[in-house]
Amino acid sequence: MRPHPPMVVRLYGRALWILPARFREDRGPAMLAMFEEEWRERRGWNRAAFLPSALLDLVRTALLERIERSGSGARAREQRSGSMLTWLDLKLALRMLFKQPGLTLVAVFALSVGIPASLIPIHMLDVMSAPLPFPEGDRIVGIGVRNDFFLWRESLTTLEGTGAARSSPFNVISEDGRAAPIQGAEITASAFQILRVSPIAGRVLLESDEVPGAPDVVVIGYDVWQSRLAGDPGAVGSTIRIGTVPHEVVGIMPEDFMFPIRDFLWLPLRTAPADVERGLGGDILKFGRLADGATLEQAHAELSSIALRVANEPPDPARPYRPRVTGYTAMMTGLDSDDMAGWYRIQPIIFALLAIVCGNVGTLILARTATRSGEISLRTALGASRSRVVAQLFVESLVLAVASAGFGLLMGEVIGTRVTRSLVSTNDPAAFFEGAPFWLDFGVTVKTASIALSLAVFCAVIAGVLPALKATGARVQQNLQKTGMGSGIRIGFGATALIVAEVALAVGFLSMGGTLARGLLPDRSAPMAVEPAEFAYGMLRIPSADRTAQENDLAEADSRARVARINETLKQRLAVEPGVRGVAMGDRLPVMYHDREEVVVEGDQREQAFEGYTVMTARVDVDFFEGLGARIQNGRDFSTADLLGTIDRDRTSVIVNTAFVEHVLGGGNPIGRRVRYVTYGDQEPGPWYEIVGVVGRLGMNEANPQRDEGLYHPVAPGELNPIWTAVHVGEDPMSFLPRLRQIASEIDPGAMIQYPAALDQAPNEERTATRWITLLLAFLSTIVLVLSGAGLYALMSYTVSQRTREIGIRTAVGARPARIVAAIGRRALLQLVAGITVGVAVGVYLISMLSDESTRGANWPLMMVAIAGFVLLIGMLACLAPTLRALRIRPVEALRHG
Amino acid sequence: MPRRRNPEDVLPLKPKPFLLLLILQQEGPLHGYAIKKELHARSGGTISMDPGGLYRLIARLERDGLIRSAARPADEPDQRRQYVAMTDWGRSVLAAEARRIAELARVPAVQALAREAR
Numbered sequence: 001m002r003p004h005p006p007m008v009v010r011l012y013g014r015a016l017w018i019l020p021a022r023f024r025e026d027r028g029p030a031m032l033a034m035f036e037e038e039w040r041e042r043r044g045w046n047r048a049a050f051l052p053s054a055l056l057d058l059v060r061t062a063l064l065e066r067i068e069r070s071g072s073g074a075r076a077r078e079q080r081s082g083s084m085l086t087w088l089d090l091k092l093a094l095r096m097l098f099k100q101p102g103l104t105l106v107a108v109f110a111l112s113v114g115i116p117a118s119l120i121p122i123h124m125l126d127v128m129s130a131p132l133p134f135p136e137g138d139r140i141v142g143i144g145v146r147n148d149f150f151l152w153r154e155s156l157t158t159l160e161g162t163g164a165a166r167s168s169p170f171n172v173i174s175e176d177g178r179a180a181p182i183q184g185a186e187i188t189a190s191a192f193q194i195l196r197v198s199p200i201a202g203r204v205l206l207e208s209d210e211v212p213g214a215p216d217v218v219v220i221g222y223d224v225w226q227s228r229l230a231g232d233p234g235a236v237g238s239t240i241r242i243g244t245v246p247h248e249v250v251g252i253m254p255e256d257f258m259f260p261i262r263d264f265l266w267l268p269l270r271t272a273p274a275d276v277e278r279g280l281g282g283d284i285l286k287f288g289r290l291a292d293g294a295t296l297e298q299a300h301a302e303l304s305s306i307a308l309r310v311a312n313e314p315p316d317p318a319r320p321y322r323p324r325v326t327g328y329t330a331m332m333t334g335l336d337s338d339d340m341a342g343w344y345r346i347q348p349i350i351f352a353l354l355a356i357v358c359g360n361v362g363t364l365i366l367a368r369t370a371t372r373s374g375e376i377s378l379r380t381a382l383g384a385s386r387s388r389v390v391a392q393l394f395v396e397s398l399v400l401a402v403a404s405a406g407f408g409l410l411m412g413e414v415i416g417t418r419v420t421r422s423l424v425s426t427n428d429p430a431a432f433f434e435g436a437p438f439w440l441d442f443g444v445t446v447k448t449a450s451i452a453l454s455l456a457v458f459c460a461v462i463a464g465v466l467p468a469l470k471a472t473g474a475r476v477q478q479n480l481q482k483t484g485m486g487s488g489i490r491i492g493f494g495a496t497a498l499i500v501a502e503v504a505l506a507v508g509f510l511s512m513g514g515t516l517a518r519g520l521l522p523d524r525s526a527p528m529a530v531e532p533a534e535f536a537y538g539m540l541r542i543p544s545a546d547r548t549a550q551e552n553d554l555a556e557a558d559s560r561a562r563v564a565r566i567n568e569t570l571k572q573r574l575a576v577e578p579g580v581r582g583v584a585m586g587d588r589l590p591v592m593y594h595d596r597e598e599v600v601v602e603g604d605q606r607e608q609a610f611e612g613y614t615v616m617t618a619r620v621d622v623d624f625f626e627g628l629g630a631r632i633q634n635g636r637d638f639s640t641a642d643l644l645g646t647i648d649r650d651r652t653s654v655i656v657n658t659a660f661v662e663h664v665l666g667g668g669n670p671i672g673r674r675v676r677y678v679t680y681g682d683q684e685p686g687p688w689y690e691i692v693g694v695v696g697r698l699g700m701n702e703a704n705p706q707r708d709e710g711l712y713h714p715v716a717p718g719e720l721n722p723i724w725t726a727v728h729v730g731e732d733p734m735s736f737l738p739r740l741r742q743i744a745s746e747i748d749p750g751a752m753i754q755y756p757a758a759l760d761q762a763p764n765e766e767r768t769a770t771r772w773i774t775l776l777l778a779f780l781s782t783i784v785l786v787l788s789g790a791g792l793y794a795l796m797s798y799t800v801s802q803r804t805r806e807i808g809i810r811t812a813v814g815a816r817p818a819r820i821v822a823a824i825g826r827r828a829l830l831q832l833v834a835g836i837t838v839g840v841a842v843g844v845y846l847i848s849m850l851s852d853e854s855t856r857g858a859n860w861p862l863m864m865v866a867i868a869g870f871v872l873l874i875g876m877l878a879c880l881a882p883t884l885r886a887l888r889i890r891p892v893e894a895l896r897h898g
Numbered sequence: 001m002p003r004r005r006n007p008e009d010v011l012p013l014k015p016k017p018f019l020l021l022l023i024l025q026q027e028g029p030l031h032g033y034a035i036k037k038e039l040h041a042r043s044g045g046t047i048s049m050d051p052g053g054l055y056r057l058i059a060r061l062e063r064d065g066l067i068r069s070a071a072r073p074a075d076e077p078d079q080r081r082q083y084v085a086m087t088d089w090g091r092s093v094l095a096a097e098a099r100r101i102a103e104l105a106r107v108p109a110v111q112a113l114a115r116e117a118r
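The listed protein sequences derive, respectively, from chains A and B. Heads up: the first sequence begins at 1 in the working numbering, then just goes up one per residue. Heads up: the second sequence begins at 1 in the working numbering, then just goes up one per residue.
Isolated chain B (complex conformation) (with noise of 0.2 Å):
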């Protein structure tokens, strides 16, 4: 059961899930085409995922526990659409990465390094 691990076990992410985790954990619930959007938007354009290739990542996601299928809202039109959500394991490990980046942003090296690539 992922849920016993320690959420330090499963990281680094990588920048798509990361970044996914993130919109879902201030959005809230979200279907295919509105994380594609949030994600290319939030990316800078950098990412643009396809329909295969985005529920690839989601049902991967979903394996390892990180997010959830979530109930359809009262009002959406579109009968096909599915909607996921985080859940509590998916919060404590983006936590966790989110943790780990700020700590290694603190590191001198790390800030130094920074520096010169701007």
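Bound-form chain A, shown alone (with noise of 0.2 Å):
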């Protein structure tokens, strides 16, 4: 079998589309192979200049492949009607696009980002309710009704198999001790039947495996089988060790099988028939396929009907139960049609947004049109039509946006695959990142391609069709006949509204970028009361032996101990291990994103209005503090005596860190201070908690380091399942890793640390997506920078160009140069004020619609002035250029000029 293939390699793979669908067919899994095998045997230099280099050669195998094609029938055609578009106007406009090397890029950077760009809600939607990738994976669909459900299944009619999971992690044991969790899931032997998907070696389930007694098997995923049975391929019929207890692997499934979830092990799903009948037996995952001709509706009607007639409670109004049947992957997903409409409602601003981007490259392609207007009349006076030449001038700008869309294809191909990536980190079963469903890859899909290309098309519309419209009609024509050779093409008042709209969108755009970014920045100016890179920390998570033991209180009882012992134990194993410093455990550990919640201060005058401040909440261990190695600034640590009674009533001790003292109480002795959670509506107010203890700063807050205040409450033993631990061993945390699994299995061998890292490395989804959004600001910034940089110049130089045949009698009656500069000076001045002055007015609104928190840090009103100065700069750089050279122009020349 060939090892799996390098990304790079795939990328090559799904860039072979751009190759007309016949060669493809023919030639790609050729390339593809060809491609793969350089790849592999070049080394360093050589095979990062290769991509590149194959990348060009297959675009312009595609270019000449459908030139060709296009051509032999183009011609024939035009022969025939005098058609309009020839293979002949494709060839001048690459070569037009390539003797104007700097509009070019500039367009092509313009579109390439904001075609893909304004697609990304549209693409979203798509990925999330793309199907499964099965056999007629669009009919297989997600019920949600309870669990009574397997009482009367199978009397639906719409429905051809039903089947149930339920995902969890599983603690698998290997020969060696060695101990991991792996997510698996317990499943109904009709899912395999549902899916239609076969194992590569051994069997599926069957439902005599569902029996209660029956021996204990398990099918294995690919990666489990390559990564803890080291591929053997006589799996088949061995043994694993889950928890306590071996099953037999009688079956290995294909690779890229992780149903219902991300799940890389299943084991047959025996519910207790009481569990049953009462509707329980926790949280599974129903699903079924569609029966031949059946629609959706057809099955959530049929579903609906049978489930609130035997639903065997009185109807709570608390709680309505709604039975629905929806595609699988929209279930799992959440994505309802509400959701959908409200993203297809953002999808026209951000096309707006398209079209101002369109509109820039669209005037850089109207100022470079009115230097051809020469070519153009010439080419009008030897015969051809004006839609000739419109032809003409659309398949330049055509050419343009669709290379910036495939490009933009390109780079969204490589950043979704990152996307995808991060999401699920790798396909190690061991280091599983949960939440992050197997058919989700936010690569190109053919949808999103042909929306790009299409949109490309619209784009070429606005910035080449409308430009050539205005630089073939008829009063051009006869500006030419009166003035001769030179441009004819009056842009005027047009030009001043264009540079005033240019100027005003980049100064407003770039203050509330600017202004957004400087907020989300992180302030590195708050130091940590710990290092979180000497920390290793992991989930600590015991299964419960007995699942519906949650429906049994005595047994919850049992379960809770448990739990406090192995919790209790692993701090003092740990404890004695070499070079462990401190343990400490809790819901949340630093760095990592804590909940929010708004408190008021007793005798805070704002307790009556409601109001509260939020604040981060994390519930620790009493150790937790001492484990970290935090020291306790004022007061008092939390001790046994503050864990009597129950979590939410009687412990009423909490400890605030320093942000807390300094923000919500206004300084002071915090110590014996009071607050309480905000309620609203009839809420019964919660209890008062006292400040027993301060902190120092334990990263609460990490995308906003100062905005951290936050207090802890303390927890007992065994009351918080999973729990995360951090162990605090200095240098090389990463090391301590498998070693600190290892503890967890020897006290119990269901008891599986999950998520194992360093502290420093610990996953933020806040402060991740905060990073992303500065970055596409910042992205975003430049762009508009760049455009209306580049936009504002060519429309500059081309007014100034203009009125070349004024400055030429100014100079030949006697002007001075200095006063001709200043008389343009003045014209181009007032024209970028103007601009400036709108675009701070913009700026102005859309900061002061942020809220305080965003624009945290930023010092608004420079930086307006300082990107005011800048757009100004390059306005007048970008008339100084032009008018130096018509005074370089001898007057006479000059005269000569439209």
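Since the hints were made in silico from the structure, they are not lab data. Since the model is a prediction, treat every value here as computed from it, not as a measurement. Each statement offered as a hint is correct.
Derived DEER-like restraints, expressed as beta-carbon distance ranges:
(1) Gly-231(A) with Arg-99(B): 53 to 61 Å
(2) Thr-420(A) with Ala-74(B): 34 to 42 Å
(3) Thr-46(B) with Thr-445(A): 40 to 48 Å
(4) Gln-79(B) with Pro-738(A): 34 to 42 Å
(5) Gln-79(B) with Pro-135(A): 17 to 25 Å
(6) Asp-9(B) with Gly-231(A): 54 to 62 Å
(7) Pro-738(A) with Thr-46(B): 48 to 56 Å
(8) Val-245(A) with Lys-37(B): 50 to 58 Å
(9) Ser-155(A) with Gln-79(B): 46 to 54 Å
(10) Asp-138(A) with Lys-37(B): 42 to 50 Å
(11) Leu-453(A) with Asp-9(B): 37 to 45 Å
(12) Ala-21(A) with Lys-37(B): 23 to 31 Å
We put the CB at the ideal spot given by N, CA and C, even for glycine.
Dock chain to chain to rebuild the complex, using the hints, since each chain is given by itself in its own frame.
Here is the structure:
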């Protein structure tokens, strides 16, 4: 079997779609094989240079194949009917693009970002609602009903099969005692028939496996087979230990099979009949396949009517029961039609932004077309019709737009693949990152690609046809007749309006973008009381021995005692490990995302208004701060005396951090002051919590370290499962992780450590999102800056070059150059200042709509002045160059100009 | 049908097709990457073809009947590879081209030019 192809090879494989279908079918696989072989053989710089060269070769091949094909057809057509577009247009267009590389670069840059960026909402929807990658995967549906479903599911006629699964991590222990949690599912045998997927070895689960007391069997995924059984061909029939119980491996599934979410092994789903009757049994996913000819709506109607009829409890208005049938992927991603509508509402706004980008490119093309009016009139004189000339100009911008869209899609593919990977991190079952379903692939889809190409045509019309019509209008031709050669196109008032709009857009958008980006940048000035890089951490999870125990208080108490015992033993065992300085457990650890709550302070004037301060919260073990090595700066640490009673009612001690004292309490001595959570409406107010101690900054809000205020509640051992566990080991925490797992599984074979890593690597979705948004804003701002700079330059130099004749006359009658420069500069300055004024007004309005938090730290008036100055500079430079050029021309020459 | 034509009618061959036919003549059926490496080696490193260009050339030579696709060897591990081999027509065109070059090389003026160029 070939090794899994590297990303570059898959990228090349995707890029093959630009070839004509026929050629791609005939030669695509062989080309891919050749590419892969060469890629694997090359090394170093040679290898780095290979991809761009091969992609260029691909573009050339695609173009030549298409030109040859359409060329032979188009030539014949033209001979018949004098057709508008020929392969010659295409050749001319390509030549034009290379002749003016500056313009091409700016336009390609703008469109290759603008087109894919404007497709993001549509693309996201397409990805999220894509059908499962199984035969007729779009007919697999998700079923939202209670678990009594199992009693009556046979009576459904619109579904040809139904199945159920429950996904959770399982502690798989190897022969050598290595333990690692692997995400798996208890699943009905029927699921494999519904999905129509066969194992690559052995068998799938059978209904006989579901009978209580049947032998313990497991079907494993390809990755588990490779990573845990080293791809052993005799794996079927061998035994793996899951927790304490040995299971026989009866089958191996194909590489891409990770149903129902991202699962790597499958056990028979054995539900106790008593649970089913009560509609209990935990969170079980139900799904089915639509029968031939049945629609989603019919299935929904049938299921709802039965479910509501047999529901064995009276309807509860507080918790209405709404059975539903939806597409499987839509159910899993939680995407319903309302969400869809919301996304589609954003789309027009984004298209409007794209239109602005196109308008900018159009301005550039218009300015260029204006310099070609001589050529245009010559062609007209030689007998070309107006439509013929417009067609040629259209093909030019079409080539530009399509090339940009293609390039943008390629970039989109690279970014999409990265996003997919960052969600999934790797296919290593032990490193599974919760919540990313296996079928999600943010790479370019056929739908996105085809919309992108349609948009390219749209852009070509805006940026190409409109300027072309303008450049070939009847007045232009008259002008040319009057003045001979030279530019006959007058942009006139339109140019002034365009310049003002351009400047206003740049100043307004950049001010807001800059302010936002500044507000998002993390502030490095806030030091933390601990050094996260010195900690190894992971999530300690102890699956309950009996899943229905949740329904049984007695069993729950037992289970809690077991969790508490494991937690405490783990702490003791870790404490005596060499090199370990402390152990801390809690529902959050430093630098992770923390939940936010609103609190009020006793005696605070704002209490009456039910306003509150947003603070971070965490529930921590009583040794948490000691384990982290964080000093209590004021008051005392938690002790076991704080753990009496139940979590929310009786335990009133809390510890706050220094930021809390500063921002919420406004300084002073915090010890003994009381806070409580804000409640709304008729809700009973919660208890008052008394502040007993103060700690330093422990990374509760990494997205905005300046607003780090938070409070900690104590929890007793066993109350949290799973629980994050941090071990202070000093240098190289990664090397401690295997030991951490080993100790946990030695204490209890069921106990597992999930997502182990060094604490400074802990994922913080909020921080990641912030980084992406900042990056995106910076990127968009750069585009706006470059585009408006280029557009402004083109417009300015164009309007000045229009006045070449005037400059000539003035020089001829003896005006000093300084006077001329001043006259031209005055007009340009007026246009620029008008634009800046509008832009500043727009910017101030936009910034005033932002919240204080997002403008924090940004000196936006200064930024606005800087941006305005920059735009002014570009504008003045843009008119200086053509003015100087005009002054150098001899007056007689200048007079011959339009 | 190309076979009925006279091989001389399609001469002269351009360097890449000529070299490619020569390679197939001497080495027997080959796949794309092997052809690429042979082309590179025999041209003294001056001919380097990427997949698109090479398979376009192969497609054209196939259309002209000079080469044809050949069966994969039984021990070929990669099912995606396409093998090509010489056709009889290709052999006669290559022979005609070789004859043409040899005759050309015998012309005294050409020999003189070649000596000067050295």
